[in-house]
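Participant: Following the hints, put chain B in place on chain A, whose structure we already have.
Heads up: the protein sequence lines correspond to chains A and B, in order.
For this note's numbering, count along the first sequence from 1 and bump the result up by 42.
For this note's numbering, count along the second sequence from 1 and bump the result up by 42.
Be a bit skeptical, because a hint or two may be false.
Note that identical chains are pooled: a pair holds if it fits in a single copy or bridges any two copies.
[Stated by the list, open to error] Under the rule of at most 20 Å between Cα atoms (straight-line distance), these lysine to any residue pairs were calculated in the SDA-like manner:
#1 Lys448 x Pro339
#2 Lys61 x Arg83
#3 Lys356 x Ala310
#4 Lys356 x Thr284
#5 Lys448 x Arg437
#6 Lys419 x Glu332
#7 Lys61 x Asn318
#8 Lys419 x Thr284
#9 Lys356 x His300
#10 Lys356 x Glu332
It is worth saying that the hints were derived from the structure and are not from the lab.
2 protein chains.
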Amino acid sequence: MKVVKFGGSSLASGEQLKKVFQIVVSDPERKIVVVSAPGKRFSDDIKVTDLLIDCAEKVLAGEEIESEFATIIERYASIAKELEISLDIIDTISHDLKALLNGNKEKPDRFLDAIKASGEDNNAKLIAAYFQHRGVLAQYVSPKEAGLIVSDEPGNAQVLPESYDNLYKLRDREGIIVFPGFFGHNKNGDVLTFSRSGSDITGSILANGVKADLYENFTDVDAVYSVNPTIVQNPKEISELTYREMRELSYAGFSVFHDEALIPAFRAGIPVNVKNTNNPTAPGTRIVNERANTNGPVIGIASDKGFCSIYISKYLMNREIGFGRRLLQILEDFGLTYEHVPSGIDDVTVILRQNQMDKEIEAAITKRIITELHADKVIIEHNLVLIMVVGEGMRHNVGTTARAAKALANAGVNIEMINQGSSEVSMMFGVKEAQEKRAVQALYNEFFVAVPV
Amino acid sequence: MKVVKFGGSSLASGEQLKKVFQIVVSDPERKIVVVSAPGKRFSDDIKVTDLLIDCAEKVLAGEEIESEFATIIERYASIAKELEISLDIIDTISHDLKALLNGNKEKPDRFLDAIKASGEDNNAKLIAAYFQHRGVLAQYVSPKEAGLIVSDEPGNAQVLPESYDNLYKLRDREGIIVFPGFFGHNKNGDVLTFSRSGSDITGSILANGVKADLYENFTDVDAVYSVNPTIVQNPKEISELTYREMRELSYAGFSVFHDEALIPAFRAGIPVNVKNTNNPTAPGTRIVNERANTNGPVIGIASDKGFCSIYISKYLMNREIGFGRRLLQILEDFGLTYEHVPSGIDDVTVILRQNQMDKEIEAAITKRIITELHADKVIIEHNLVLIMVVGEGMRHNVGTTARAAKALANAGVNIEMINQGSSEVSMMFGVKEAQEKRAVQALYNEFFVAVPV
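Isolated chain A, as found in the complex (with noise of 0.2 Å):
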């Protein structure tokens, strides 16, 4: 059995609905659609969830929204005549989202999430139809009758462990089953929705639920690249990664998809298939829990801009003990999360997301660590870059180190930092954002490029 999910853009029009449709058909394991609110159909659109959030921020603040009702209530038309079904299940949808739109106010958050996963809710409504209208035996499936339970968080609801249970108990039923991404029910009974990339984490649940042999991963590229293709013109596509690759990859701003909304299905070992809604036939990128080792130690490199860095220097704060835990403390009282704290004899660095930081921030942080820890020096560096190298095949592999730094150093870029020890399938350089490019070309042309095949 499969769970297959589609992204926004896969479900924004008719005609992509009936490629979708096609792909579900095509094969019989495929037994549980999971859906996005429509996307956008072109690059100036509006996704739905977006009208739904603005039309809800509306509402709230008691402001008409006729044209904005009707204008989410068109898309859903748009999209049924293009398909030919009875507007029967728009008046549903109408009916709905008025009832909705109606509903208690009083705690604005849950307020809008219900609005927000109405997005989802009602276009599954409408593709089950649609399956449906061509013969098929499908369902809609809710996520209250599925017992899909959810944390009372929201806009980050977590899913309670008793759902598994619940959700094996559809593979009982026949025909498809259509479920509508991005939200659960409290026990209470409260819509809920998950964070961003909300219908991935549906999909991953239900992959986990039903115990499926693998979770397809629709949205609009062929494959997860190698390297950026912004910074790198025709990148090797990367045919199989492991959960970890990915997850290395995705911190560093290299995501088809949110790492963390594969969990459930990593957690049950189940592999996840990245298709393209638009050339089903491609064979995709697989997520694995093990690969074969096909390539050179390098699989993917990733780079992600905005990270600031706090160098602290101190004579003999090497024998300071405490010193390292006092410094983490000042940074939590101000809330800031950090990513790396490379040290020296008497110094050491902490690297971490820019936009945590404001000058004055930047200057209480400063008082306190010169005034608490007596430093003797600290000064804040901006615009730096993370750049991941990231492959299993790296793991004792002696001498890809020396290969990416040989390489960045012939392209003359300049390496701040750099961070290996930790994990076996990676290593990071920090350099100035002004050889981002530069650095990644001379990483993709070291690995991908000059790589004897």
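Facilitator: Below, chain B without anything else, positioned relative to chain A:
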């Protein structure tokens, strides 16, 4: 004005003292001579300080010390005889030591400090007597008389700031001052010793106090070597290195003398010249604030054994505020100091000296990390070596890292850890103990043999 310090091996015999005399009188700038206790004359010899400790411990245990006492006095007497000076000084020394041994034993650590310090103190008296015997204007000056005031910490006294103004007045004395190293007095007049390399500390304090132009530290090697000569044969000597390089190198077991001893001289910006009593015309090694870069990027390579690593992994660790701080708190609760904390996305490694750990502590730490931090995995590995590659020339020198990593890779050395990012003048590699020699040799060949001159 120069402060000149001589170590124990330079003062072990009359023959050595003749060299010392020649060195001092050959330069009229050499005004202040700091001396250790007599050291070893041959490899199986016993240092006077060790004889004194043995003697003091026996006294505290209520044992007879007649023969031990005689052995100590005989050491001074044999030097005096060799130098053909009046044995009056031996009477003085004998009388002084007897009085100390009969002194107050209520606080054994202070008693021990007083006995230990007598080794330097009496040697200074003997040496002053010899200088006078040679017709030179010279005087013994005691730390008490000079106002070298220290904190009340037996075996680990710290100089108090008011000492420096007191010591400045030594400039006004005529002739050569012979000053005992290793100790000062607290405000009550009790003797307290410095930590190891205590005479180096005294010399450094005096150099600062009198605002010397140079602090000459005479020992028994021609220079500081660029690498451990027991690993690499006939290594290059270092003619000049900065305080910072010295500190980074000495961290990894690389020490002609204890780098912390240099702090007072360093704070006053006074250069240090390490020279050889047995070959005083050799230029030795100068330790300075800044140096011209006359060699390649690397000035020295040091390595130190006996480290272990605690690897901790936990899925989504990266999102958890306070994880690192709580981990360091656990180590602190066990009184452990750590060296470095390289981190991956969902894992972190703590590098620390393994002599702080035993099976029980390891088990207790592992348990706390698992139960309190809910780590997925904790793995402790032993017998790591840290290798420091140091040089001011590495600052923004693109490619040094690559050269080092490539040299290690070509030698078949697996790099367990790289720590670069904080210090600009060093990089650190962690390797398995069995690969230490091969790794150090490979780095030496890369930076010292292969460098085009």
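Participant: Starting from the hint list further up, note which numbers the structure goes against and sort them upward.
Facilitator: none
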